[in-house]
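Participant: Protein chains in written order, with this note's numbering: chain A, 1 to 600; chain B, 1 to 188.
Since the hints were made in silico from the structure, they are not lab data. Computed from a predicted model, the values in this text were never measured in an experiment. Errors might be hidden in some of the hints.
[Stated by the list, open to error] Pair ranges (Cβ atoms, derived):
no. : chain 1 : residue 1 : chain 2 : residue 2 : range
1   : A       : L260      : B       : M144      : 27 to 33 Å
2   : A       : D496      : B       : V39       : 36 to 42 Å
3   : A       : F354      : B       : V182      : 28 to 34 Å
4   : B       : L51       : A       : S30       : 46 to 52 Å
5   : A       : F515      : B       : L27       : 48 to 54 Å
6   : B       : T48       : A       : F358      : 27 to 33 Å
7   : B       : K77       : A       : I410      : 55 to 61 Å
8   : A       : F339      : B       : G138      : 23 to 29 Å
9   : B       : R41       : A       : I275      : 21 to 27 Å
Built from N, CA and C at the ideal position, the CB exists for glycine as well.
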Amino acid sequence: MSTTAAVHDAHAHDVHDAHHEHHHHETFISKYVFSQDHKMIAKQFLITGMIWAIIGGLFSVLFRLQLGYPESTFPWLEDFLGHWAKGGKLNPEFYYALVTMHGTILVFFVLTAGLSGTFANFLIPLQIGARDMASPLLNMLSYWFFFLASIIMFASLFVQTGPASGGWTIYPPLSALGDASSGSKIGMDLWLVSMAMFIVSSLLGGLNYISTILNMRTKGMSMTRMPLTVWALFFTAVLGVLSFPVLLSGAILLLFDRNLGTSFYLSDIVINGKILPNEGGSAILFQHLFWFLGHPEVYIILLPAMGMSSEIISVNSRKPIFGYMAMVGSMFAIAILAFLVWAHHMFVTGLNPFLGAFFVLLTLLIAVPSAIKVFNWLTTLWRGNIRFTPAMLFAIGFVSLFISGGLTGIFLGNSALDIHLHDTYFVIAHFHIVMGVASFFGMFAGVYHWFPKMFGRFMNNTLAYIHFWVTIIGAYLIFWPMHYEGLAGMPRRYYDYGMWESFKMFGGLNQFISFVSMIVFAAQLLFVFNFIYSIFKGRKLTALNPWGANTLEWTTPLRPGHGNWPGEIPEVHRGAYDYGKDGREFISQTEPVGPNESHH
Amino acid sequence: MATMAMEQRKRIHPHKFTLWVAIASILMMFAGLTSAYIVKRNQANWFTFDLPKVLWYSTVVIIVSSVTIWMAERQFKQREMMAYRRLLTVTFLLGLLFVALQVIGFTTMWKNGLTLQKNVSISFLYIIVGLHAVHVLGGVVALMVMFAKAFSRKVRNYNSVPVEVMSTYWHFVDILWIYLLVFLLMIR
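With the rest of the complex left out, here is chain B:
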């Protein structure tokens, strides 16, 4: 019995593992898009332009949110539920702010004539960044569920797996964004 429990402990929790496989799958979608982008870049009428400044602010926001969710996870494990709730709220708001800043950035681009249909290079930017934002929004929805659970009086669950899964996903969308930003800056 004891050895079986030990064996079980060494293995990664199935839900966490599922998330890692899902991350690989999401990465493949972005790999498909970014390789299409690289192929298209050699086209004659490829159009280069500067990324809107506000994307830099959004980058800072998402990095900070990654730190806050890391702190939230630590507080949860130490059973500091008040601090956990506070940090979860901050992360949630930062996630929304990230998406809002990106929307602002793209609205300015659109107003300056860099519309979706103008050139393939711009269309790619809208789609790649947009799909990333959809993944952040998915995380925001998940945070809302965690948030509701954290404030519900009925639920007294100290199982840290959901929190760990959430925080891993959040770090993933953060790192994915940094990768995409570097990609978009380097290859244009």
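Chain A on its own, in the form it takes in the complex:
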């Protein structure tokens, strides 16, 4: 009896889905603004993320101007920034604000929301064969919370006392006491409120991604047939859902310390000769709560880039990904280890050396799954029939950056070496290469590869190749010299290195780095131009499957509507990586396994 009812329900549901588009009258507002279509929400995340990337990138150019040319003045800066650049020289307070906002914007708003917000939304339903997310409403709310967070963070740039300036890690007491610096005033409150909204946004998104992947896969799409992008986005979402709440709890305690006189993080503090009443708090507690999110956050940023690069490398090598299960297993291992290494950011806080040894061990263990992934990417490329599309170049660039940045991670993971290297430019070089630039490369690869599916047109290849070569050479020219500066002990976050005899010799190198960073920033504007131009004027997509890929998103119409497939959702019969099998270039996941097919 109940089975019959279920059949009836399922049937009714299918019929409803098939006619979905005919019943749905879409207005401009419901289609482009408060859209519940995962594809539109993905584009909203992407474009908001790109705007933030331009702002965050511009900030780095501004503070590099100070670092590279500390003696010079730039009168146009005063026209542009007003009292923050009196006489054409950046004010030190504002320099710290720029550094802080650069980190905040790029880590959270661009490489978390812009990267996994875009590609989790776009790819999960399309690649697992679902009409939309488990809850399109929560999905829409996720974007609008991000938008709200963006507005608040953007507004904080314009308050009288300036935006938050205590570093993107907002360590107390600087962040907990309004009197500590001008950036610790209203700017800091806005930072915290904005981040609370941001956390809500990523939690709503993450909940949806997890339930969609686990519950809404089409028939035949077992977990082990999922493309690696979906696996990567799955682990990313799990990390986010379990680590962001801990940052939220830390931020709540910080808000209480700031505004209601509690002493979670504060003890025995003297400001201008005045002793504060706070007692019994500990600033280290905040670091524990922050880095319990902060370290998984690194993988929240990196995993989507890994997943997309795996997919793009396999498609464009015309070869199956080498070691599919090893790829999944190593991502799983990375996700577990991500929760167990946070104290390696805190080796110099007076951490018990015995405890430190455990964190060193666990940190170095991450090298094992990382190396497995690198070898698998290289063996996938090995003797492949490689097509150097812009997406492929960026995916290979990702692997290159992941290797060079990962190797320096082994240095920093040693607590003994870290005592010397902590808070120097060596750290800056390490995390910018392995997490920042590498993830950007994953993101660029993803945009170039899936642009035709998003907008029905291709991006311009010539501009893309210029973008790639300038960016990869530029990124290495910027960050490679920083390793030397860091080994020489040059600390991060200083306003003017000319004041120290020991760092004066790096003046020329700093100038060089600043010069290159401007060129690289210009190349990114070229990408933005290419992106906008191609949406309207790019070469039109005419074939359904331009890259000859196996995954389901290429079985949808050229411009899929809400619901993705006009008829029934295709059934899946095989994994996503049957390339170059039995003399055939590629075999779509929807094709049934033939009687004489070999078992790869």
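Assemble the complex: chain A is given as a structure, and chain B must be docked to it using the hints.
Facilitator: Positioned in the frame of chain A, the structure of chain B alone reads:
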């Protein structure tokens, strides 16, 4: 077709699953706070004090409300809509009573000089219990929505998923409270 429907039935409803993931996420926030509490307890000036009595009454109230929402869910599945509405109302009122009792408890504490700023141990109590109460209030708001739907003449929906999601969440805040109470009693 039939096998597909069977497959679908074996799987958990996406909304219910989403709730379980959300519960894991909320638990992580409390795990963060309670581990911070444990770390801070070793500080020299940690202050111990007795929890207000009224928190015990609120515990009884929330356990009873968990029973009433369980009964409401059963009545809904048997299409006993009148009984369902009555039990939903009772649960809603018990939820409000729980929050009210907690507010009373903390007002007395405050009056007795145990203010938020006095000591880190007291600040933690206010924040941990307060955040739990916010989650109960969230449940109360959701109950209000269910309540409005149950009394609306237009809606004739016998889909039990929203009711099940609601009741699971309610049991969760109940169990979370018992855990927090035991935690606060054991570790001080």
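Participant: Could you run down the list of hints and mark each one as holding or not?
Facilitator: So, going through the hints one by one against the coordinates:
{"no.": "1", "hint": "L260/A x M144/B: 27 to 33 Å", "verdict": "holds, 29 Å"}
{"no.": "2", "hint": "D496/A x V39/B: 36 to 42 Å", "verdict": "holds, 38 Å"}
{"no.": "3", "hint": "F354/A x V182/B: 28 to 34 Å", "verdict": "holds, 31 Å"}
{"no.": "4", "hint": "L51/B x S30/A: 46 to 52 Å", "verdict": "holds, 51 Å"}
{"no.": "5", "hint": "F515/A x L27/B: 48 to 54 Å", "verdict": "holds, 50 Å"}
{"no.": "6", "hint": "T48/B x F358/A: 27 to 33 Å", "verdict": "holds, 31 Å"}
{"no.": "7", "hint": "K77/B x I410/A: 55 to 61 Å", "verdict": "holds, 58 Å"}
{"no.": "8", "hint": "F339/A x G138/B: 23 to 29 Å", "verdict": "holds, 27 Å"}
{"no.": "9", "hint": "R41/B x I275/A: 21 to 27 Å", "verdict": "holds, 25 Å"}
Violated hints are absent here; each numbered hint is respected by the structure.
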